[in-house]
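**Q** Sequence:
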Amino acid sequence: MTSVEIRTSHTEVQSQGLKISAHQAEPVGMGSFPAVIVFQEIFGVNSHIRDVTERFARLGYVAIAPALYQRLKPNFETGYTAEAIQVGRGYKDKTKATELLADIQATIDYLKTLPQVKSEAIGCIGFCFGGHVAYLAATLPDIKATASFYGAGVTTMTPGGGAPTVSRTAEINGTLYAFFGMEDASIPVEQVDQVEVELQKHGIAHQVFRYPGADHGFFCDQRGSYNPEAAADAWEKVQQLFQKTLQP
Numbered sequence: 006m007t008s009v010e011i012r013t014s015h016t017e018v019q020s021q022g023l024k025i026s027a028h029q030a031e032p033v034g035m036g037s038f039p040a041v042i043v044f045q046e047i048f049g050v051n052s053h054i055r056d057v058t059e060r061f062a063r064l065g066y067v068a069i070a071p072a073l074y075q076r077l078k079p080n081f082e083t084g085y086t087a088e089a090i091q092v093g094r095g096y097k098d099k100t101k102a103t104e105l106l107a108d109i110q111a112t113i114d115y116l117k118t119l120p121q122v123k124s125e126a127i128g129c130i131g132f133c134f135g136g137h138v139a140y141l142a143a144t145l146p147d148i149k150a151t152a153s154f155y156g157a158g159v160t161t162m163t164p165g166g167g168a169p170t171v172s173r174t175a176e177i178n179g180t181l182y183a184f185f186g187m188e189d190a191s192i193p194v195e196q197v198d199q200v201e202v203e204l205q206k207h208g209i210a211h212q213v214f215r216y217p218g219a220d221h222g223f224f225c226d227q228r229g230s231y232n233p234e235a236a237a238d239a240w241e242k243v244q245q246l247f248q249k250t251l252q253p
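Here my numbering is used: the first residue of the sequence shown is 6, the next is one more, and so on.
Some clues are possibly wrong.
As the list claims (entries may be wrong) - In the DSS-like style, the derived pairs of lysine-lysine whose C-alpha atoms are separated by at most 30 Å in a straight line are:
1) Lys99 with Lys123
2) Lys249 with Lys78
3) Lys117 with Lys24
4) Lys123 with Lys242
5) Lys101 with Lys149
6) Lys117 with Lys242
7) Lys99 with Lys78
8) Lys149 with Lys117
9) Lys78 with Lys101
10) Lys99 with Lys24
11) Lys24 with Lys149
12) Lys101 with Lys117
Hint data in this document are derived by calculation from the structure and do not stem from the laboratory.
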């Protein structure tokens, strides 16, 4: 798809009486476009997440990245130091699935108010913590396609406690692509297998991609674990997913 001129903006989404900060990017010009919600890593809506959001806009999507830590630490963003990882994990551990899903639904509802958005063509993508959140978001009726990158804990927990997120697999409505690095110590291969088994068992349209030699965070070009080959292949797969499901 040809790259297009884009514009970016800061916006706010109303969720349960709160204002959720979000980075928005969209093509310039008239028309209606499918939409993609981008879910952050534990590091907030930082430059990497803003860049991914803008990459989607250049491909012809209205893209938005809501701040998943808004309830805990407004305007939080950080880099990839060891200290930042500890801080980011601390906020992640305080999130709750019910609140995350409420904020995601509010983001969907916001997108539907935009005249430039095709309200029947909304997908999502998430990385790290956001990969787990994307798996949760896939259970919402409006999400037609989901790309979940190395979402740790899907088979072992859910934010805020309760049955593991994988137990909600039957509720997924659209197509889900899951991406894992085979050197990712935070997601043992047994957990990858379990995700794939559950997707198969419940008849969810899906693909699971496993990248030998790739570690956690392999898609992020700001992290030491960046793997250009795996990232490039995964990006092609993501584009194929959204073109097939959101731009048929």
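**Q** Now tell me, hint by hint, if it's right for this structure.
**A** Hint by hint, here is what the structure shows:
no.	hint	verdict
1	Lys99 with Lys123	violated (34 Å)
2	Lys249 with Lys78	violated (36 Å)
3	Lys117 with Lys24	holds (17 Å)
4	Lys123 with Lys242	holds (22 Å)
5	Lys101 with Lys149	holds (23 Å)
6	Lys117 with Lys242	holds (26 Å)
7	Lys99 with Lys78	holds (11 Å)
8	Lys149 with Lys117	holds (14 Å)
9	Lys78 with Lys101	holds (14 Å)
10	Lys99 with Lys24	holds (18 Å)
11	Lys24 with Lys149	holds (25 Å)
12	Lys101 with Lys117	holds (24 Å)
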